[in-house]
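*Asks:* Here is how the chains run, residue by residue.
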Amino acid sequence: MRQAIRALGWTPKIFWIVITVFMITCLYSAMGLMTARSIQFGEFEVSFHNRTTTVSLPFSFNNTGLYDISDMNITTRIADYNGTLISASTTFVPLIPRGSNVEEVHNISISLDEIASKNTTYLLFNSGNFSIEIFAGLVFARVFPFQISINTSMPWGAPFSNFSIGEVSFDYVIRTVSVPLSFKNDSPYFDVSANIHFGIYNHENVLVHSGVITPPLEVKSGDSHEDPLELSVGPSVDLLELKEKGRIHFFFETSIFGFEKEIKWGDVSD
Amino acid sequence: MLVTEKKGKETFAERIKPRVFKATIIGIITFFLYYVLPTLLFSTFPTENLPSEFDPYFSRYENLFYIFAAIIICFAVVNQLSSGTIFQHAFNVAKAIILIIYFIYALEGGILTLSMSLEGNMVNIVANLTAFLAILISVNLLTLAKNMLEAINFLSQKVEQPPTEITKEEEMASIPELK
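Listed in order, the protein sequences are those of chains A and B.
If you read the first sequence in numbering that gives the first Met the number 0, its first letter stands for residue 0, the second for the next number, and so on.
If you read the second sequence in numbering that gives the first Met the number 0, its first letter stands for residue 0, the second for the next number, and so on.
Keep in mind that the hints were calculated from the coordinates and are not lab data.
All C-beta atoms, glycine included, are put in the ideal place defined by N, C-alpha and C.
Check the hints yourself; a few may be wrong.
[To be verified] Label pairs and their in silico Cβ distance ranges:
| id | chain 1 | residue 1 | chain 2 | residue 2 | range |
| --- | --- | --- | --- | --- | --- |
| 1 | A | Y121 | B | S137 | 52 to 60 Å |
| 2 | A | D67 | B | V35 | 27 to 35 Å |
| 3 | B | V19 | A | D67 | 44 to 52 Å |
| 4 | B | S137 | A | Y188 | 54 to 62 Å |
| 5 | A | V17 | B | I85 | 25 to 33 Å |
| 6 | A | F129 | B | Y60 | 34 to 42 Å |
| 7 | B | M115 | A | F189 | 30 to 38 Å |
| 8 | A | T120 | B | I100 | 56 to 64 Å |
| 9 | A | V101 | B | V19 | 57 to 65 Å |
Using the sequences and the accompanying hints, generate a full structural model.
*Replies:* Structure, rendered in structure tokens:
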């Protein structure tokens, strides 16, 4: 009995000493990591390749602590204002040994094909805020898993914000169809440069004229477009007949994306 | 009779005096080891560069640290005062149980969550300390087991002790009819 009690008496004492030393060194290391700004982020770079926009964020982790850091992962999830997932990217660093500096790049890829497949063309017309969730996890000293999550938002400026097509008017003298078009390029990232293809259909839903508006539509970032589109039509098109019923099918084509719009007047069946 | 009581009181006071003295010394040493030394150690930690949003959490754990020091110091003093009695073992068992409850409370069941607003962004920090909490509870359970064994051992030794020898005169004097 006495021997068992003695053994049981020593075991917690040894454990306590080990735990206390471990805790103090862990706290000291963690404080050092937090205050020494061990994580440094570089300048982000944006690249466009294969219809995929990639935002590269270089970062370095200098483990000045007394223990290894393992299973470090950074995950970024970007969702639009309707909650549709735009991008989810993860960077994983298996081990950062103590006293070493690791340099990595976190790539956030946004595939336009994926966005198109999710039917998110409303992003082109409505500005709003994207929600960005950043999860960073690591295992400190191979014992303590930590996770940091940051919820932030990023303003999204639609390149065709408040897009509207007005009433069609006809000029029988110069034989043009005038379509009022207005929108604002809210995008802070890129200018709008679009080729506008059009097709004019008569009351019988027959394509009577098609073409491309020249020059291409050019709207700089932050600027508005208010001018009407002037569609010249050939002498074969009966404008008086067209004025009664018809529709115009537009296809806006930019280097990054394309979308269709249609305007109808009168009672035209598709 | 009065002489006997006075003698008994003096004996108790004499008996308790070294215990009180020892408890005071142990209390001071424990206070130094569990309060002064960690406070000095924590003051060397480079916390001044941390964002001010961490302050409420630091003050919470500062308070919890004071409670921990108070528990340890109180039980160290009580342990010395009741040494050589069954209460010593009872207090040690109580200390182990209180420490288990304290660690579960302080570590929030092993999952520590900090939520704060940093530069307008919501930041959540989650630390999974379940493994560490399990170790702390295991160590305290070991202490608990040891103290219970000590209590059993103490009681069994009391039972095994031979009764003190009483002289014939004392035995006769203890019978009221013969007084």
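*Asks:* Hints first: check each against the structure and report whether it holds.
*Replies:* Hints, one by one, checked against the model:
1. A/Y121 / B/S137: 52 to 60 Å: Holds, at about 56 Å.
2. A/D67 / B/V35: 27 to 35 Å: Given range 27 to 35 Å: holds, Cβ gap about 33 Å.
3. B/V19 / A/D67: 44 to 52 Å: 50 Å, holds
4. B/S137 / A/Y188: 54 to 62 Å: 56 Å, holds
5. A/V17 / B/I85: 25 to 33 Å: 31 Å, holds
6. A/F129 / B/Y60: 34 to 42 Å: This hint holds: roughly 36 Å between Cβ atoms.
7. B/M115 / A/F189: 30 to 38 Å: 35 Å, holds
8. A/T120 / B/I100: 56 to 64 Å: 58 Å, holds
9. A/V101 / B/V19: 57 to 65 Å: Holds, since A/V101 and B/V19 (Cβ atoms, about 59 Å apart) stay within the stated range.
When held up to the earlier numbered hints, the structure conflicts with none and fits them all.
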